[in-house]
Amino acid sequence: MIEVNSISKSFKAVNALSNLTFAAHDGQITGLLGPNGAGKTTCLRIIYGLLRADSGEALIEKVDANQYPLKARSNLGIFPDKFGLYERLTVREQVRYFGELHGLKGETLEKNVESVIQRLDIVTLADRKSAGFSQGQRMKVALAQALVHNPKHLILDEPSRGLDVMSTRILRDILREQRAAGTCILFSSHVMQEVAALCDRVVVMASGKVAAEGTPDELCQLTGEAALEDAFVKIIGSDEGIAA
Amino acid sequence: MSAYKTIWKKEFKDALRDKRSVLAAMSYAFFGPMLMAVAFFFLISQLTDPSDVEISIEGKDYAPELVEHLRENGIVERESEWPAEVTPIELTIPKNWADSIASATPVTVILSADWSAQKQQTDVKRVEQALQAYSAQIANYRLILRGIDPRVVQPVQIAKQDMATRGSKAAIIMGSVLVFILLSVFWSGMNVAIDISAGERERNSLEFLLSQPVSSQAIVIGKVLAASCFALFGAVLSLVLIPVIFSFVPLHQIGMSVDFNPLMLLTMFLALVPLALLATSLQLFVSFRAKNFKEAQTYISFLLIIPMAASFGVEFARLKTPLLYYLPLTGQHQTFLSLIRGEAVNWFGTGISALLTLVSAVLLTYLIGRMLKSEKTVFGL
Numbered sequence: 001m002i003e004v005n006s007i008s009k010s011f012k013a014v015n016a017l018s019n020l021t022f023a024a025h026d027g028q029i030t031g032l033l034g035p036n037g038a039g040k041t042t043c044l045r046i047i048y049g050l051l052r053a054d055s056g057e058a059l060i061e062k063v064d065a066n067q068y069p070l071k072a073r074s075n076l077g078i079f080p081d082k083f084g085l086y087e088r089l090t091v092r093e094q095v096r097y098f099g100e101l102h103g104l105k106g107e108t109l110e111k112n113v114e115s116v117i118q119r120l121d122i123v124t125l126a127d128r129k130s131a132g133f134s135q136g137q138r139m140k141v142a143l144a145q146a147l148v149h150n151p152k153h154l155i156l157d158e159p160s161r162g163l164d165v166m167s168t169r170i171l172r173d174i175l176r177e178q179r180a181a182g183t184c185i186l187f188s189s190h191v192m193q194e195v196a197a198l199c200d201r202v203v204v205m206a207s208g209k210v211a212a213e214g215t216p217d218e219l220c221q222l223t224g225e226a227a228l229e230d231a232f233v234k235i236i237g238s239d240e241g242i243a244a
Numbered sequence: 001m002s003a004y005k006t007i008w009k010k011e012f013k014d015a016l017r018d019k020r021s022v023l024a025a026m027s028y029a030f031f032g033p034m035l036m037a038v039a040f041f042f043l044i045s046q047l048t049d050p051s052d053v054e055i056s057i058e059g060k061d062y063a064p065e066l067v068e069h070l071r072e073n074g075i076v077e078r079e080s081e082w083p084a085e086v087t088p089i090e091l092t093i094p095k096n097w098a099d100s101i102a103s104a105t106p107v108t109v110i111l112s113a114d115w116s117a118q119k120q121q122t123d124v125k126r127v128e129q130a131l132q133a134y135s136a137q138i139a140n141y142r143l144i145l146r147g148i149d150p151r152v153v154q155p156v157q158i159a160k161q162d163m164a165t166r167g168s169k170a171a172i173i174m175g176s177v178l179v180f181i182l183l184s185v186f187w188s189g190m191n192v193a194i195d196i197s198a199g200e201r202e203r204n205s206l207e208f209l210l211s212q213p214v215s216s217q218a219i220v221i222g223k224v225l226a227a228s229c230f231a232l233f234g235a236v237l238s239l240v241l242i243p244v245i246f247s248f249v250p251l252h253q254i255g256m257s258v259d260f261n262p263l264m265l266l267t268m269f270l271a272l273v274p275l276a277l278l279a280t281s282l283q284l285f286v287s288f289r290a291k292n293f294k295e296a297q298t299y300i301s302f303l304l305i306i307p308m309a310a311s312f313g314v315e316f317a318r319l320k321t322p323l324l325y326y327l328p329l330t331g332q333h334q335t336f337l338s339l340i341r342g343e344a345v346n347w348f349g350t351g352i353s354a355l356l357t358l359v360s361a362v363l364l365t366y367l368i369g370r371m372l373k374s375e376k377t378v379f380g381l
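Protein chains in written order, with the UniProt record's numbering: chain A, 1 to 244; chain B, 1 to 381.
To be clear, the hints were calculated from the coordinates, so they are not data collected in a lab. In this text, a Cβ means the ideal position worked out from N, Cα and C, and glycines have one as well. Treat the hints loosely; a few may be bogus.
[Claimed, not checked] Counterexamples of contact, computed for chain A against chain B with all Cβ distances above 12 Å: (1) 6; (2) 15; (3) 22; (4) 27; (5) 163; (6) 169; (7) 173; (8) 191; (9) 192; (10) 215; (11) 225; (12) 235.
[Claimed, not checked] Label-pair distances were calculated between CB atoms; the ranges are: (13) B:263 <-> A:82: 47 to 57 Å; (14) B:263 <-> A:150: 47 to 57 Å; (15) B:304 <-> A:128: 33 to 43 Å; (16) A:11 <-> B:323: 28 to 38 Å; (17) A:10 <-> B:27: 42 to 52 Å; (18) A:70 <-> B:38: 46 to 56 Å; (19) B:343 <-> A:11: 51 to 61 Å; (20) B:294 <-> A:82: 51 to 61 Å; (21) A:172 <-> B:374: 28 to 38 Å; (22) B:31 <-> A:165: 48 to 58 Å; (23) A:150 <-> B:23: 39 to 49 Å; (24) A:8 <-> B:304: 43 to 53 Å.
Just chain A, same shape as in the assembly (with noise of 0.2 Å):
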């Protein structure tokens, strides 16, 4: 479980965040939605113990990230704002390097690569270095670095941007599968359609607050909207920075 308490940051004038709080419950995907320049990243990058938050907490596994931000990270999967590929190392060495970090090792480390290669699919290009791949096939990297753990605890900044339709489509069954077994997890993403087709939960940000907190039915509810594109109009009052 991922709980994030009255966050507050602010860069030197800016207010990116203030006083947000919202949790993301195990076996759930939460999805954090706003338009571009919410805070989206930086409450993520809070999370994950990379940013330092002026007050307030965030707790994962009741473990803060900014006090303890090793021990907060290894239940942690990271799928971040920005990823680069090693595109000098294979697939498999990359995926190996991260495994190794999250301190995996022998026998264990062999069969988590090689596991989360076959289950994201990747098991041809595997042994090809990254140089040269396409935006689905990066992605595809990135989560399989993510994932080489099994992490209880799955966060990610914007996975589908940049995707085509089969790639998406390839990132929701792995998200669902993830879900299954039981990891909580966290996306941020300003793609209405797909918080409307993968969220159990949908936590609505708007210039760093928590502007409404639900299921996407309890929203639509909530705003007397049917869809939840206009719910999400009406909660943050403006349409500025929606991506249909």
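With chain A's structure known, arrange chain B on it following the hints.
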């Protein structure tokens, strides 16, 4: 396996596959000694082959033995015209030469030249010396003929050993070779250091790496070790190549012999190990602050000026202060100088400077680790 080893191994493998990094590490070690050997070749040919001095000789028919003596000493009659801007060097032998020599009376020869002309000074001096030597020879014969030991008239003998010019020129080049070896650790690891710091940021993989359950110190240690391996690889290459290349240079012709024995090379290598760590941690410190490869390259080229200026400065300014033995870089430099001159090495100073170098490297590594925890550096805020 501890995290730093994992990172070390991965960065090393990654860099080995980067042709640019490998080439950069090797080209310095290859072309540097080559260039220096060529410079040495030219210097030696210049020193050992003094061209003949050409002068005008008036009345050479009067004193064929003198002319022959001059010729043996590399002073010949000029065939071509003197250029307009050059004052001719002219030797005039008088008509009464043979008579005067025969009757053992002094004979005056006239040597006319522009004595203030810088370019001709050595030439004029050589003519003068040759004349004096001839004069001394005749004096000796005369004394012997009269049954007097010529040494009687030479109460004081000056033993001139003219090694100054040759020696110092050679020493300067040998000094440059040492500076070159020292700088190899700064050059060879440079590309790797930039690639695994600023390059990692540019390729957008830094954020993900820093989000792993690994301390930033372990990440930095792994990276420093990986880049240092390349720095030392370059150092080994130049240490091996320099003796090989210099064995083809006829150093003995200028009375120089440098014996690069294996033990000396090994000592040099060991002295370079802490310096390599310092060089790469310094480079990582700088290039982790840069936003991309290009920017880091700019900073690091400025950074390279420091060790270059320091070592060449010490070398050419002939700076002598005991402090040099104890500081990073200059300490290694002094050790190298002592080794190559066959002097006793100041082992205490060598040890202290190695320790100081190592401490600075560790300190810098620690600082980079702290820097990577700061969101300002990581996200360039």
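Against the structure, the hints:
1. Every beta carbon of chain B lies more than 12 Å from that of residue 6 of chain A, the smallest distance being close to 20 Å; the non-interface claim holds.
2. Against the 12 Å criterion, residue 15 of chain A stays outside the reach of chain B, whose nearest CB is about 15 Å from its own CB.
3. The beta carbon of residue 22 of chain A sits about 21 Å from the closest Cβ of chain B, which is more than 12 Å, so the claim that it is off the interface holds.
4. No beta-carbon of chain B is positioned within 12 Å of the beta-carbon of residue 27 of chain A; the least distance is around 23 Å.
5. With a cut of 12 Å on Cβ distances, residue 163 of chain A stays outside the contact zone with chain B, its closest approach being about 17 Å.
6. Listed as a non-interface residue, residue 169 of chain A keeps its Cβ farther than 12 Å from every Cβ of chain B; the least gap is roughly 24 Å.
7. Every beta carbon of chain B lies more than 12 Å from that of residue 173 of chain A, the smallest distance being close to 23 Å; the non-interface claim holds.
8. In this structure residue 191 of chain A is separated from chain B by more than 12 Å, as the shortest Cβ-Cβ distance comes to about 21 Å.
9. The Cβ of residue 192 of chain A sits about 27 Å from the closest Cβ of chain B, beyond the 12 Å cut-off, so the non-interface label holds.
10. No beta-carbon of chain B comes within 12 Å of the beta-carbon of residue 215 of chain A; the shortest separation is about 29 Å.
11. The claim that residue 225 of chain A lies off the interface holds: its Cβ sits roughly 37 Å from the closest Cβ of chain B, which is beyond the 12 Å cut-off.
12. The beta carbon of residue 235 of chain A sits about 29 Å from the closest Cβ of chain B, which is more than 12 Å, so the claim that it is off the interface holds.
13. Taking 47 to 57 Å as the suggested C-beta distance range, the pair residue 263 of chain B and residue 82 of chain A conforms, at roughly 51 Å.
14. Taking the beta carbon of each, residue 263 of chain B and residue 150 of chain A are about 54 Å apart, inside 47 to 57 Å as hinted.
15. For the hinted restraint 33 to 43 Å between residue 304 of chain B and residue 128 of chain A, the CB-CB distance of approximately 37 Å keeps it satisfied.
16. In this structure the hint that residue 11 of chain A and residue 323 of chain B lie 28 to 38 Å apart at CB is violated, the actual value being about 46 Å.
17. For residue 10 of chain A and residue 27 of chain B, the Cβ-Cβ distance of about 49 Å falls inside the hinted range of 42 to 52 Å, so the restraint holds.
18. Range check, residue 70 of chain A to residue 38 of chain B: about 55 Å between beta-carbon atoms, so the 46 to 56 Å window is met.
19. A beta carbon spacing of about 59 Å between residue 343 of chain B and residue 11 of chain A agrees with the range 51 to 61 Å that was offered as a hint.
20. Between residue 294 of chain B and residue 82 of chain A the C-beta distance comes to about 19 Å, which lies outside the given range of 51 to 61 Å.
21. At about 37 Å, the beta-carbon gap between residue 172 of chain A and residue 374 of chain B stays in the expected band of 28 to 38 Å.
22. Judged by the Cβ atoms, the range 48 to 58 Å given for residue 31 of chain B and residue 165 of chain A holds: they are separated by roughly 54 Å.
23. Distance hint check for residue 150 of chain A and residue 23 of chain B: the Cβ-Cβ separation is about 41 Å, which falls inside the suggested range of 39 to 49 Å.
24. A hinted range of 43 to 53 Å for the beta carbons of residue 8 of chain A and residue 304 of chain B is consistent with their spacing of about 44 Å.
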